[in-house]
Every structure is written in C-alpha cells, then in structure tokens.
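J.: Dock chains B and C against the given chain A, drawing on the hints supplied.
Residue numbers (this note's numbering), protein chains in the order written: chain A, 1 to 204; chain B, 1 to 204; chain C, 1 to 241.
Read the hints as simulated data drawn from the structure, not as lab findings.
All C-beta atoms in this analysis are idealised placements derived from N, C-alpha and C, irrespective of residue type, glycine included.
Some hints could be false.
Chain C side only, calculated, beta carbon under 7 Å to chain A, not exhaustive [as the list claims (entries may be wrong)]: (1) 14; (2) 110; (3) 118; (4) 121; (5) 123.
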Amino acid sequence: MTQPDSPGAQWQALLQDAGRGHPPQARFEAAVEAILFAAGEPVELAVLASALEMEQTLCKTLLDRMLFGYNQREGGIVMRRLDDSYQLCSNPAQAACVRAVLDRKREVSLSPAALEVLAITAYNQPVTRAFLEQVRGVDSSGVVASLLEKELLEERGRLDAPGRPMQFGTTAAFLRCFGLSSLEELPPVDERGALIAQLEFQET
Amino acid sequence: MTQPDSPGAQWQALLQDAGRGHPPQARFEAAVEAILFAAGEPVELAVLASALEMEQTLCKTLLDRMLFGYNQREGGIVMRRLDDSYQLCSNPAQAACVRAVLDRKREVSLSPAALEVLAITAYNQPVTRAFLEQVRGVDSSGVVASLLEKELLEERGRLDAPGRPMQFGTTAAFLRCFGLSSLEELPPVDERGALIAQLEFQET
Amino acid sequence: MDQPMTYTLEVFEGPLDLLLHLIERNKLEVADIPVALLLEQYLAVVEQYREIDLDNLSEFLLMASQLLYIKSKLLLPREEGEEDPRDELRSMLEDYLRYRELADELERRFEQNGRRSFVKPREDFAESRPVLKPHSPDKLLSAYRAVFTGSLRRTPPPIAHFKGILTHSTVSVASKVFALSRRLLERRRLPMRQLFLAQPSRADIVACLMALLELLRLDRVQLLGEGDDLEVALQKGGRPA
Numbered sequence: 001m002t003q004p005d006s007p008g009a010q011w012q013a014l015l016q017d018a019g020r021g022h023p024p025q026a027r028f029e030a031a032v033e034a035i036l037f038a039a040g041e042p043v044e045l046a047v048l049a050s051a052l053e054m055e056q057t058l059c060k061t062l063l064d065r066m067l068f069g070y071n072q073r074e075g076g077i078v079m080r081r082l083d084d085s086y087q088l089c090s091n092p093a094q095a096a097c098v099r100a101v102l103d104r105k106r107e108v109s110l111s112p113a114a115l116e117v118l119a120i121t122a123y124n125q126p127v128t129r130a131f132l133e134q135v136r137g138v139d140s141s142g143v144v145a146s147l148l149e150k151e152l153l154e155e156r157g158r159l160d161a162p163g164r165p166m167q168f169g170t171t172a173a174f175l176r177c178f179g180l181s182s183l184e185e186l187p188p189v190d191e192r193g194a195l196i197a198q199l200e201f202q203e204t
Numbered sequence: 001m002t003q004p005d006s007p008g009a010q011w012q013a014l015l016q017d018a019g020r021g022h023p024p025q026a027r028f029e030a031a032v033e034a035i036l037f038a039a040g041e042p043v044e045l046a047v048l049a050s051a052l053e054m055e056q057t058l059c060k061t062l063l064d065r066m067l068f069g070y071n072q073r074e075g076g077i078v079m080r081r082l083d084d085s086y087q088l089c090s091n092p093a094q095a096a097c098v099r100a101v102l103d104r105k106r107e108v109s110l111s112p113a114a115l116e117v118l119a120i121t122a123y124n125q126p127v128t129r130a131f132l133e134q135v136r137g138v139d140s141s142g143v144v145a146s147l148l149e150k151e152l153l154e155e156r157g158r159l160d161a162p163g164r165p166m167q168f169g170t171t172a173a174f175l176r177c178f179g180l181s182s183l184e185e186l187p188p189v190d191e192r193g194a195l196i197a198q199l200e201f202q203e204t
Numbered sequence: 001m002d003q004p005m006t007y008t009l010e011v012f013e014g015p016l017d018l019l020l021h022l023i024e025r026n027k028l029e030v031a032d033i034p035v036a037l038l039l040e041q042y043l044a045v046v047e048q049y050r051e052i053d054l055d056n057l058s059e060f061l062l063m064a065s066q067l068l069y070i071k072s073k074l075l076l077p078r079e080e081g082e083e084d085p086r087d088e089l090r091s092m093l094e095d096y097l098r099y100r101e102l103a104d105e106l107e108r109r110f111e112q113n114g115r116r117s118f119v120k121p122r123e124d125f126a127e128s129r130p131v132l133k134p135h136s137p138d139k140l141l142s143a144y145r146a147v148f149t150g151s152l153r154r155t156p157p158p159i160a161h162f163k164g165i166l167t168h169s170t171v172s173v174a175s176k177v178f179a180l181s182r183r184l185l186e187r188r189r190l191p192m193r194q195l196f197l198a199q200p201s202r203a204d205i206v207a208c209l210m211a212l213l214e215l216l217r218l219d220r221v222q223l224l225g226e227g228d229d230l231e232v233a234l235q236k237g238g239r240p241a
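The shape of chain A in the complex, shown without the other chains (with noise of 0.2 Å):
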C-alpha cells in the first residue's frame, strides 16, 4: 500500500484479502454497524458508500460479506437488507424478553383489514384508493391512513386520471416486517391460476 491512509486504496484493499476479521474488513464493519445503528432506520447502500467513500460495488461486496457473518454470530441484533438498503433489528429469537421490556405502543399489530390491504398493494403497486375499495369491496381510506402512520405505505404520487388519485406502494419496512429482502420474494402469483401457485409455495 503506497497510500496507506487514503481511503480509496485502503478499502480496495479488501477485496484481495480473501480473510474474514482482518482489520480492515472489521473496520468496515465497525463502521456500518456504527451507521446503521445510529440511523436506526434503512440505509440506503448509495449513502454508506459515500459516507465511507468508497465505491458502491465494492461497498455491496464488503456489505453482503457483513451480512452473512453479523448474522452468523446470533446475537441480540440482526442486519437486514431491504432492497438497496440496509437497517439494524433486534433479532426475533429474542422477542420475548424485548417485549417484557418495550413500551407496548412500539409493538405494531396488523388488522385482518390491514393485511388484506397490504397484500392487494404489494402484488400491484402503486394502486389508488379505488383499486383497493374495488377488489375488497369496501371502503379502505381508514385503513391506508393507519399503514401510512406505520410506514408500512407510502405515497407514489398521483395516477394519470380524472381526479388525479393518489397512489400508494410498500416501504422497505413493509419489507422487514414480512421478512423479505425484496418484492421478489413474495410468495409467487399468476394471473388466475394464483391460488394453484400460493398452495403449492407453502406445501414446500
């Protein structure tokens, strides 16, 4: 290393040492947890990239290497990648004693109505208003406020239509809380032979 102190270089570094826990792959990783855990909420890659200066696909290289080890150890906390981002979680193998502790406002529950919503949006999105009201055969507004409050939906601008209605798609906590990495790994549909499908995704 003629720069040593150069950051580029450095990280570059990496790629060659094929070691795990060498200093510089865990002073990466130090890093990234530090980010994550202090934002708390998704990163996307784009931004740890440039907070650590480095090139976004060295950096998704050094992240999914992170990924798979920090979950490997089994402790209190598990990193999820959720789409082009990244997010910190307390690990499920843990709720119990988290939920003795947490305050009980924080604990999200999701209504039949809810998941019905979620489910319709997530294989279609963006959807309006309409559409939903269409396939459940009632009036969802109430419903997509509270996901909209739980950051489970976002809005994704108005459709092109008379009335120009708003249309709403899942986050990437949607993601997390469903425990996918991204849309693609929802449970596969077709057209009509939908349910043939889903039978099948969940006998396996």
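T.: Just chains B and C now, kept in the frame of chain A:
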C-alpha cells in the same frame, strides 16, 4: 443442573462458568443486546433483571462481565453503564462517518407535487395560486406554503385583478437547489406544440 | 361495548367477506354461486347487523342490490352469447379470495418477523437544520411535461383496474331496483313523474327506468292510472324479493 430449563438455574450456572463465550453467557448477552438495542435509551438494571427473570445481583455481575467484553471487540456499537442503567450507543470512534450519514438523512427531498409547482412557476413566473391550481387541476395552496417556508418560492406582489391575488416567483435558493446560475439555464421548453412533438418522439 | 348481545356476531370486513363466509358455510364453490340461496342468507345477516349499526352498511346494501339484480337476470331466458350475470361477481370473489389467502401468508410471515423484531429510534446526534437535497434541472422539465401532457413515467394502469368503475352503471340499475323497492315498501304508491324528477342525472334517470321495467317484468310492481297521473304501486302481495 437438576432443572436445566428453569431460567434461574440456567443463569446461576453462569456464575460458576468462568469461560466467556460459552452458550449460557452468549445467550444472556444476546438477550441483553436485543433489549438495549430495541430500547435505544438507558435501561435500568431492575428492568433488565425482571425481563430476564433473574436476580439483580446475578444480573449485574453478568452485565458487567458483558460490558467489558462488548467494548473490547471495538465494533460500531459500545455499551455504557450510567448509574444503574445500561445503554448501547454508536462508537464515538466512528463519529465522522455516522455524522456523514445522519446529516445527509436530514436532507429533504422535494415531493412530486412540489416539483410540479416549482416547474410551473419557474417557466411562467410570476404566477398566482389560481393559475397553479388551474394548470395542475388540484388545490396547490399547501404545496405553495411549504415552498415559501423552504424559501424556494417568494411573494412577488399582488396582481392587478379582482381579488388582487398574490403572485409568486422562484428564489435564489431555488437556483442553488437545481444547480442553475440563472433562469435562462432552465431546460428549454418552447411552445406547447414543440413540447408535445418532443414527447411523441420519445414515445416511439 | 354496552350493546346487549346474547350471541356473538362475526365481524365481516365487507360484503365480499360475508359472501365468502356464506359460501364456505354452505360448503359451496365460488364458481357455483347459487344466488337465490345466498341472497336470502345474506339479507338475513345484514338485517341482523343493521340493528347494531354496521360499519359500511351502504356497501353491504349495494351488494344486496347487486345480488338482487343478478337473481332477476337469472330468471330471464338468456340469449345466446350473452354473459352469465354471475360472471362479474364470481371474478370479484375469486380475486378477493386470492388476496385473502395471500394476506394469510403475509400474516404468517409477520408473526415470524415483524411482530418479533424491533427497530431502534434514531440516535440523537449533532442537531442541524434540514438541508435541501440538490436536484437536477431536468427534474423541472419532466415535472412540467407531466403537468401538461401526462407523465411518461407513469404507465397507464391495466384496463382490469377500471373494471369496477366502468361497471358501476350496471350496479346503479341494481341499486335503483333496491331503492325503488324500499320506497314502495314505505309508501305503497308513487307518482311516476315524481320518481323521475328526483333523479339527479341522466344516467340515474336511465337506470331508474330500467329498474322500473325490471320490476314490472318480474311482476313486483304495477302501473296504475294513465297519462300524466301514472302511478307506480307495489303489486298486491308482492315482496321486493
């Protein structure tokens, strides 16, 4: 251990067990880490002990043992004891990159509605609320108010028309935000016809 | 809460939920839909709920009128090539059932993840004022285009999404059948002129006329008098289905 499943007996075994990293101590630390993480604020010893169903003195012994080990690993998170409470914080050694992300997280993006209002104003200034509303087809007063507050729009005197409506124009902050040195540098839009022709071109 | 109830009523998310419940209870397939049987049970449940002030009552009533309409259509001989009047309802039920099953799957995942894993509030760190993100000027141009010509980024939704909106006219005939029957139950007789004068739009008038014709053909109502004094009356012994 006569009652291996009783939490009390299980934890009690930890005191005899001098070696670190053994499953029981690791399980204790995972539980504590999860609790402190989710809480985000200092948690009292008494609360921790009761959540973990163990005696306070034993809990304290284990916590202090954990404290030492946790901070020795020099990760992104450190553990602190404050009087009778324990807390996780991001490692001060990582302050620079944490700040780089958190400051950036405070960056506000513009909503599609705000962009529309800014665009209409930029190309037609000065404009009234009524003009914006007519062009967009929706009430725009909330958006205008928020853009005034962000100092991207400013008042430009009243129009000499019935009701003497206020007119609005873009500001220097607007130019800065869009990296323009003057309004002449706005991407050119000629007449309506030209714009539509361009769109048709793009569509094919 | 202080409702004096001697039995527990199930909570239904909406009319489709209730219909599915009835179909399951009768051990039927969604594909069959014996409308007459379902209608009877459906109305019985809605009637029960009316007493305890059901949410979304209007949607439940709208579905009742749609069932009523389908039932009346089924009584008529169908022309060749004409669609089964149950088709639309059947596909709505199938769609809804599909999403409800997906919702169950989501719930299972939620129990394993969201309900058991917690995130942390943002750490208090050096406070600073919100800063505006830099934006490319091209964003202004595309926003401007979006306003005037419709956005290129937003792709038009599939036609299927508008299915419900476009078929509302059909539904409104059914709702007129229902509304007219109810009014007649209260009043027994109505001047025909008044019936049409009260309609807010041309579409309503057309729907109302079709509803009237439907009820006449089903022998639910009769016309009395002649000329300008024509009156609509409930057929003797006729119940509005």
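J.: Against this structure, judge whether each hint is valid.
T.: Each hint tested on the structure:
Interface restraint check for residue 14 of chain C: the shortest CB-CB distance to chain A comes to about 3 Å, inside 7 Å, so the restraint holds. With a least beta-carbon distance of about 6 Å to chain A, the hint placing residue 110 of chain C at the interface is held under the 7 Å criterion. Interface hint status for residue 118 of chain C: upheld, as the beta-carbon distance to the closest one in chain A is roughly 4 Å, under 7 Å. Interface hint status for residue 121 of chain C: upheld, as the beta-carbon distance to the closest one in chain A is roughly 5 Å, under 7 Å.
Hint on residue 123 of chain C holds. Least Cβ distance to chain A is approximately 4 Å, under the 7 Å limit.
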